[in-house]
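**Q** Turn these sequences into a full structure, and let the hints steer you where they fit.
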Amino acid sequence: MEIIQIQNTDLQLIEANRCRTFRALLQPLTAQVIWDDIRAHQRKRVIIICNTVSQSQALYKDLEALDFDFELNITLLHSRFLPEHRAAKESDLKEKFAQNWKLHDIGACEVLISTQVIEAGINITCEVMHVQLCPMNSLLQRAGRCARFAGEHGEVFVYRSIDVNQENI
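Residue numbers for the sequence shown follow my numbering, so the first one is 1 and each next one is one higher.
Don't take each hint at face value.
No more than 30 Å apart at the CA atoms, straight line, and that leaves these computed lysine-lysine pairs for DSS-like [what the hints assert, rightly or not]:
{"hint": "1", "residue 1": "89", "residue 2": "44"}
{"hint": "2", "residue 1": "96", "residue 2": "61"}
{"hint": "3", "residue 1": "89", "residue 2": "61"}
{"hint": "4", "residue 1": "94", "residue 2": "44"}
{"hint": "5", "residue 1": "96", "residue 2": "44"}
{"hint": "6", "residue 1": "94", "residue 2": "61"}
{"hint": "7", "residue 1": "44", "residue 2": "61"}
To be clear, the hints were calculated from the coordinates, so they are not data collected in a lab.
Please read these numbers as outputs of a predicted model, since none were measured by experiment.
**A** Have a look at this one:
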């Protein structure tokens, strides 16, 4: 292991002009809550992180089942994908949720529904994140994917529970 010293100037650059707002919500996380937020705020990059694969799969199916009045691209990522499929999805996500996505945005809203597999090792960002309540170290790792880069502003909504269609689990 190598110890890396971080200078104060490095820390200032890391945190330069970046802001995340956290909100704890009592209502359960549902596909309709996500859709209502996307529509009301004209979101373009949204990440949802569930604690289990089955919850992420069910939420994905619930969101896909809703009627959209604009283009919504939904990606599901969890640990049960074969390594080559997961690698392809991660590569695609690195483009869609890249640092300068606003410069190349084509109008569609990109939504990622995932589990803790994105907590570390994938360099992506979003403007809003919906997460299920989890241990603090996981919450901080997850939030690190929202407003990740200088000049970005983001919101992190933390939900106590997820309410999904039980037929989808």
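**Q** Hints numbered earlier in the text: which of these fail when held up against the supplied structure?
**A** none
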